[in-house]
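Asks: With chain S held as given, fit chain W with the ligand onto it using these hints.
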Amino acid sequence: MFIRSIHIDSFRNYRRLDLDVEPSINVFFGENAQGKTNIIEAIYLCACARSHRTSKDRELIFHGENGYRVQLDMLAHRYRPLIVCREDAPVLAPTDPEKGVISSVIQKGDLPYSGRKKDDYYEESLAITYTEAADGPDGLRRARRTAEHDHVPLERISDFMGLFHAVIFAPEDLLLIKEGPSVRRRYMDLLISQVRPCYFHDLITYSKLLAQRNRTIKIMRQKQSVHMLSDLEESELEIWDYPLAQAASRILVERILFSERIRVLTREKHEQISGGKESLYTRYRTVSGVLTEEIQKDPHKHLEEIENLLISRWKATHQDDYEKGSTGLGPHRDDLELSLDGDGLRAFASQGQQRSAALALRLAELSILREETGEMPVLLLDDVFSELDAGRRRCLLANMEDAQVFVTCTDRNFIERELFDLADPAVSMKSEITFYEVTDGSVTRR
Amino acid sequence: MARYSPSVAKLISELGKLPGIGHKSAQRLAFHILSLPSEQVADLAGALTEARESTRLCSVCQNFTDKDPCDICSDTHRDSTTICVVENPRDVATMERMRDYQGQYHVLHGVYSPMQNVGLDQIKLKELITRLQGNPGVREVIIATNQTAEGEATAMYISRLLKPSGIRVTRIASGLPMGSDLEFADDVTLSKAMRARHEF
Ligand SMILES: [Zn+2]
Chain S
6 MFIRSIHIDS
16 FRNYRRLDLD
26 VEPSINVFFG
36 ENAQGKTNII
46 EAIYLCACAR
56 SHRTSKDREL
66 IFHGENGYRV
76 QLDMLAHRYR
86 PLIVCREDAP
96 VLAPTDPEKG
106 VISSVIQKGD
116 LPYSGRKKDD
126 YYEESLAITY
136 TEAADGPDGL
146 RRARRTAEHD
156 HVPLERISDF
166 MGLFHAVIFA
176 PEDLLLIKEG
186 PSVRRRYMDL
196 LISQVRPCYF
206 HDLITYSKLL
216 AQRNRTIKIM
226 RQKQSVHMLS
236 DLEESELEIW
246 DYPLAQAASR
256 ILVERILFSE
266 RIRVLTREKH
276 EQISGGKESL
286 YTRYRTVSGV
296 LTEEIQKDPH
306 KHLEEIENLL
316 ISRWKATHQD
326 DYEKGSTGLG
336 PHRDDLELSL
346 DGDGLRAFAS
356 QGQQRSAALA
366 LRLAELSILR
376 EETGEMPVLL
386 LDDVFSELDA
396 GRRRCLLANM
406 EDAQVFVTCT
416 DRNFIERELF
426 DLADPAVSMK
436 SEITFYEVTD
446 GSVTRR
Chain W
15 MARYSPSVAK
25 LISELGKLPG
35 IGHKSAQRLA
45 FHILSLPSEQ
55 VADLAGALTE
65 ARESTRLCSV
75 CQNFTDKDPC
85 DICSDTHRDS
95 TTICVVENPR
105 DVATMERMRD
115 YQGQYHVLHG
125 VYSPMQNVGL
135 DQIKLKELIT
145 RLQGNPGVRE
155 VIIATNQTAE
165 GEATAMYISR
175 LLKPSGIRVT
185 RIASGLPMGS
195 DLEFADDVTL
205 SKAMRARHEF
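Sequence order for the protein chains is S and W. For the first sequence, our numbering assigns the number 6 to the initial residue and increments by one for each residue that follows. For the second sequence, our numbering assigns the number 15 to the initial residue and increments by one for each residue that follows.
No lab work stands behind these hints: they were computed from the structure. We put the CB at the ideal spot given by N, CA and C, even for glycine. Hints may be right or wrong, so weigh each one.
[Claimed, not checked] A short, non-exhaustive set of chain S residues, derived as facing chain W with CB atoms under 8 Å:
# : residue
1 : D164
2 : A216
3 : T221
4 : I224
5 : R226
6 : S355
[As the list claims (entries may be wrong)] Capping the alpha-carbon separation at 20 Å, the derived lysine-lysine pairs in PhoX-like fashion look like this:
#  : chain 1 : residue 1 : chain 2 : residue 2
7  : W       : K81       : W       : K138
8  : W       : K177      : W       : K140
9  : S       : K213      : W       : K206
10 : W       : K177      : S       : K320
11 : S       : K306      : S       : K228
12 : S       : K223      : S       : K61
13 : W       : K38       : W       : K24
14 : S       : K306      : W       : K206
15 : S       : K223      : S       : K213
Next up, chain S with everything else stripped away, as it sits in the complex (with noise of 0.2 Å):
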């Protein structure tokens, strides 16, 4: 799936726009503060429903409006393959629309995005609304949000994940490392997202339930000064916790799951990236404590265990929570660990180690949604080049395959010349750049 065509309407600094792009490499350069990374945003947006940058919506309207739209226009392949397997192994064909069997087993090289045929795609468009209208005598803004496939409003934005993918490499990276858990979790949520809708949906379930257990923790707490919680008490948070480890057991089996994944696959692309002289370690940590080895291993199997753990975790930290005012244990405050050579990163690393940790991270993102969906997904570069030095920027490169790649940078020389120069030279990646300059809000192609 490649995008044709990007629409933005009131948009961060984009009044509209309208730009036609190419399956390859467009390049988006100019001066700092003109919009390149506002559009890097936008393409992000249609792929997870959320931006990068920012959790506020309005911080993304154009100044003065009450609302944006971005909307993207893309072919997607008619032969999608429905199983793909890991690198080597040979891959199940994809299903014939028309006849509606798989056709044959096809190798890794033959990967549908590989040969891109015209007449193999069809036209595919995904938007994002968003508008907040100052209504009712009240003056209450009510915020409203529209995802859209084909131009149909969906029921819910979780039916939205899934029907694009794109992977973001952006100099806010390295917070993945410097920053508290939450960052790494936001990290492993949006990647799950977008390949398990149901995780998504367990992910807000959780989250509006967990709201109503620590709004009930504060009722009690303006109610009386502190005290021991009577039996009532008890059970009324005891409400929230069976609903809650339903939701949660279910999301830590997928973490467990996944981390499982990016352990495997960032330690290799480390390795890409250090040549081999330091060992990348992840690892999930839950504050609940409720993983065992046995259940590391097979967590599906374990799903009921879990959720009887959790209830369990849950009523003996009644008087704590109370105490503290909020849920202490849960999914909402897990850990993806890093540690380098056995170190932790947060602390020890040098700059550039953190650099190189974080690029893995991504890279292994890269590779999971390559493997869950068997297409490259989108690739989107955020003037990363400048910060990466020449072996970690070789290494992105080769990661980069056939994929559809943006990139902002402020010296289109440079670029060029990088891109050239790096790439493997078998493949000439410059006649498949295409440049665009953006000046205050338009963008030019050069």
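Replies: Same frame as chain S, but now just chain W with the ligand:
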């Protein structure tokens, strides 16, 4: 709001408080009402007041009714061993439309949701328990709250509350719409349907 006279502004503001009515719709309704002959407006106002005054909650099922107990609760042909628990009076009407269910109802008037300031004592849950205690003949309680996070949580709570009583507690199934193609089901619905699968 200086654009409108105080009485028009008040009308718009009152209409705007109704569910599903935004400011624009409220304006449209208000101007429609103002364009009606005054007898018709009096009829509308009368209907509102009368409906509100003559409507009570049925002391048995808590549904809206003109007489107590309501038609459904006083219908001796209905099966009094089964009670279907729903969120709203509207849900009773929906269930009745299928003309298939012969048991009785219990209307909660909401679900437990502290975020919306709905506490446990604001829904008719105590009434359900009292009703069951007074009617040992009830053998099954079907919980048909909505499939929202809160509807699900309330359903799970009721089932745990009733467990010691030995009454059979069931939850209506969720899944695929009839006559629909599997291919067009969304992933969440499909996965729920898979989890709720049953043996032939
Ligand atoms: Zn009744």
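Asks: If a hint holds in the structure, say so; if it does not, say that too.
Replies: The hints, checked one at a time:
1. D164: Holds. Min distance 5 Å.
2. A216: holds (6 Å)
3. T221: At 5 Å from the nearest chain W Cβ, S/T221 passes the 8 Å test, so the hint holds.
4. I224: holds (6 Å)
5. R226: violated (12 Å)
6. S355: Violated: closest Cβ of chain W sits about 43 Å from S/S355, beyond 8 Å.
7. W/K81 - W/K138: Measuring from Cα to Cα gives roughly 19 Å; hence the hint holds.
8. W/K177 - W/K140: Measuring from Cα to Cα gives roughly 16 Å; hence the hint holds.
9. S/K213 - W/K206: Roughly 18 Å separates the two Cα atoms, so the pair holds.
10. W/K177 - S/K320: Distance ~19 Å between W/K177 and S/K320 Cα, so the pair holds.
11. S/K306 - S/K228: violated (43 Å)
12. S/K223 - S/K61: Not satisfied, since the Cα-Cα distance of roughly 25 Å exceeds 20 Å.
13. W/K38 - W/K24: holds (14 Å)
14. S/K306 - W/K206: With Cα atoms ~18 Å apart, S/K306 and W/K206 stay inside 20 Å; holds.
15. S/K223 - S/K213: holds (15 Å)
Checked against the numbered hints listed earlier, the structure breaks hints 5, 6, 11 and 12; every other hint is satisfied.
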